[in-house]
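J.: With these hints in hand, go ahead and build the complete structure from the sequences.
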Amino acid sequence: MASTTMRRRRRSRYHAFPVRVSVRRVAAALAAVLVGIVGIYAFRTVMGISHLTGSSPGEVLGCLTKVKCDSALAGTTQRINIALYGYGGSGHDGAYLTDSIMVVSIQPQSDGQPARVAEISVPRDWYVPIDAGNGHTGYGRINEAYADGMNQGPISAPQYKGDPHGGGKIADANLSNLLGIHIDHFVGVDFHAFQAAVDAVGGVDVNVANTFTDNQYPHGECDQGDCAVMTVHFNAGPQHMDGARALIFSRSRHAYDNPAEGTDFARSKRQQLVLQALKAKVLSVGGIGHLPDLLGALGDHVITDLSFQDDSAIYDLIKGTDSKNFEHISIDDSNYLYACGYPARCSAAYLYARDRSYASLHHYINNSFPSNDALRERAPITVADGSGYGQDGSGRWSKLLGMVGFTASDGGAGRTTATTRVIDNSGGRDSKTAQWLASYFGTSVERPQASGTSGPAAAPAGSGVTVILGQDEERSFNGNPQRGSGGGPGGFGSPLTGSTSSTPTSRRATPRPSVAPTAPPAPTLPPTPTACPLVLKCQ
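Take any residue in the sequence shown, note its place counting from 1, add 71, and you have its number in this note's numbering.
If you're looking for bench data, these hints aren't it; they were derived computationally from the structure. Some clues are possibly wrong.
[What the hints assert, rightly or not] Each pair of labels, with its calculated beta carbon distance range: (1) 205 to 405: 34 to 40 Å; (2) 412 to 329: 49 to 55 Å; (3) 183 to 288: 37 to 43 Å; (4) 184 to 232: 44 to 50 Å; (5) 396 to 208: 36 to 42 Å; (6) 183 to 484: 40 to 46 Å; (7) 340 to 416: 36 to 42 Å; (8) 463 to 396: 47 to 53 Å.
[Stated by the list, open to error] Within a straight-line C-alpha distance of at most 30 Å, the following computed DSBU-like cross-link-like pairs (lysine-lysine) qualify: (9) 340 to 240; (10) 390 to 240; (11) 350 to 240; (12) 232 to 350; (13) 470 to 390; (14) 340 to 232; (15) 350 to 395; (16) 390 to 340; (17) 340 to 350.
Just so it is clear, CB atoms sit at the ideal spot from N, CA and C, and this is done for glycine as well.
T.: As structure tokens, then:
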């Protein structure tokens with residue numbers, strides 16, 4: 072009987088894995104790869120943060136995992152002020168002269184709402200006394216202060232020799248004196264970090280406000296033998312910028328075809344645009360993947376006294392704050408400063424303070440977060456100039472009020488008045504706004520008079536609030552010793568460190584002058600050097 076042999080089918084060489092386990096093995100392999108990627112990402116992120124902030128890897132992990140993250144800033148209700156300094160760094164002319172100075176001020180809210188944030192831009196050309204912190208004081212641009220602390224400026228600060236935080240310590244102290252608020256922390260960033268950070272996230276998208284051409288942009292660095300200039304051009308409209316282009320956009324100081332863009336003030340606004348675009352890119356889904364590269368790019372090019380624990384606490388305070396609601400305050404020659412009149416009256420293009428005591432600026436900065444109740448009214452505010460001085464006080468104050476969140480318009484010149492008046496024309500609807508303004512200007516709220524009365528006080532109900540600036544305000548703004556505030560430190564400009572009150576600090580009304588001046592007295596110029604120090608770029 073013929074036997075039959077059952078032959079086992081040979082497995083195909085094309086099925087390398089048994090069908091019953093292939094999916095499981097593939098999933099396990101993918102999981103292993105994913106864990107590896109996440110592990111590398113996490114390791115690079117932790118080490119990058121540790122190197123950048125000086126916190127140990129263990130402290131960074133403790134914060135990231137919420138196991139332990141101690142910071143004096145956690146849960147605070149006090150105002151926090153952080154100074155940001157941008158400078159050229161090694162290989163650049165004037166390595167630590169700060170081309171960019173900004174204070175980020177954070178006011179936590181006690182009602183559970185997200186913190187409020189103000190970005191205060193300070194012009195580099197502001198000519199001020201600089202205290203070296205060792206009994207020596209000299210005059211110079213505020214952008215020298217950081218260099219002085221790094222012992223690379225005209226004023227020596229040997230007590231900080233070898234201290235990488237010396238620049239921040241000197242600059243913070245002098246900035247505190249000028250603004251009337253305590254600077255709690257600082258971050259110093261050089262050009263390399265700025266450019267590398269933008270490149271690390273794949274570039275940024277910026278909407279350029281105005282077309283301009285700079286035909287004097289530095290081609291290189293004079294310290295390296297390249298003092299040539301080149302021409303750069305930007306068209307208005309949305310643009311994608313890499314790091315090099317974003318740096319040029321932020322540094323450009325000249326514009327022969329659009330003079331308004333050739334100022335330090337315009338440059339500060341451009342820097343704010345780039346920083347906002349960078350923040351948006353980092354926080355986007357795609358940007359988070361670039362975080363290790365970003366941290367690596369910053370590396371040794373950032374100096375800060377903020378620990379990662381502090382950074383985490385600040386993030387928790389502002390994470391719910393929409394950047395669209397940030398206040399943008401610019402200290403410039405349309406408000407508290409004026410150009411010195413170079414070259415006729417001073418040796419370089421300096422900016423001087425109208426009020427040499429800085430008290431009027433202190434008052435404004437200390438009250439830069441108006442009460443939420445007043446802002447929620449969205450009251451239309453009309454500012455009229457009743458000083459009789461013809462110095463466009465109404466235009467100035469409509470902009471100043473707008474920068475802190477109010478809706479204000481320029482009402483032009485009005486009837487001359489000795490003291491400032493605040494008139495509530497809303498029938499009580501905008502009473503919080505009127506009360507805040509009255510407290511700020513040191514006066515009381517007026518209500519509309521009977522029908523037939525002329526002037527702003529007779530405006531119909533529902534038309535918001537009118538502020539009529541008096542001669543007292545103009546004198547106070549210009550630092551006239553006759554003002555009722557006392558004329559110096561310790562008056563209404565005394566810093567309110569940590570204050571969270573929604574009621575502004577008030578100043579006393581100025582007594583009616585016997586003879587009203589026709590114009591405010593010209594501010595006295597501070598001493599200027601006979602020759603510009605070599606460390607400064609005077610032209």
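J.: Could you run down the list of hints and mark each one as holding or not?
T.: Going through the hints against the structure:
Residue 205 and residue 405 have their C-beta atoms about 36 Å apart, which keeps the hinted 34 to 40 Å range intact. Judged by the Cβ atoms, the range 49 to 55 Å given for residue 412 and residue 329 is violated: they are separated by roughly 23 Å. Restraint check, residue 183 to residue 288: a C-beta distance of roughly 48 Å breaks the suggested window 37 to 43 Å. Taking 44 to 50 Å as the suggested C-beta distance range, the pair residue 184 and residue 232 conforms, at roughly 45 Å.
Roughly 39 Å separates the CB atoms of residue 396 and residue 208, a value that falls within the hinted 36 to 42 Å. Distance hint check: the CB atoms of residue 183 and residue 484 are about 44 Å apart, consistent with the given range 40 to 46 Å. A hinted range of 36 to 42 Å is violated for the C-beta pair residue 340 and residue 416, which are about 27 Å apart. Between residue 463 and residue 396 the beta carbon distance is about 28 Å. The supplied range of 47 to 53 Å is therefore violated.
At roughly 26 Å between alpha-carbon atoms, residue 340 and residue 240 fall within 30 Å of each other, so this suggested pair holds. Proposed proximity of residue 390 and residue 240 is supported: the alpha carbons are some 28 Å apart, at most 30 Å. Between residue 350 and residue 240 the CA atoms are separated by roughly 26 Å; this keeps the pair inside 30 Å, and the hint holds. For the hint linking residue 232 to residue 350, the alpha-carbon distance of about 34 Å lies beyond 30 Å, and the restraint is violated.
Pair hint residue 470 plus residue 390 holds up; C-alpha atoms about 28 Å apart against a cutoff of 30 Å. Between the alpha carbons of residue 340 and residue 232 the distance comes to roughly 34 Å, so the proposed pair goes past 30 Å and is violated. For the given pair, residue 350 sits about 12 Å from residue 395 by alpha-carbon distance, which is consistent with the 30 Å threshold. Note on residue 390 and residue 340: the hinted pairing holds, with a Cα-Cα distance of about 23 Å set against a maximum of 30 Å.
Of the supplied pair hints, the one linking residue 340 and residue 350 holds, its CA atoms being roughly 15 Å apart against a limit of 30 Å.
Violated hints for the displayed structure, listed by number in ascending order: 2, 3, 7, 8, 12 and 14.
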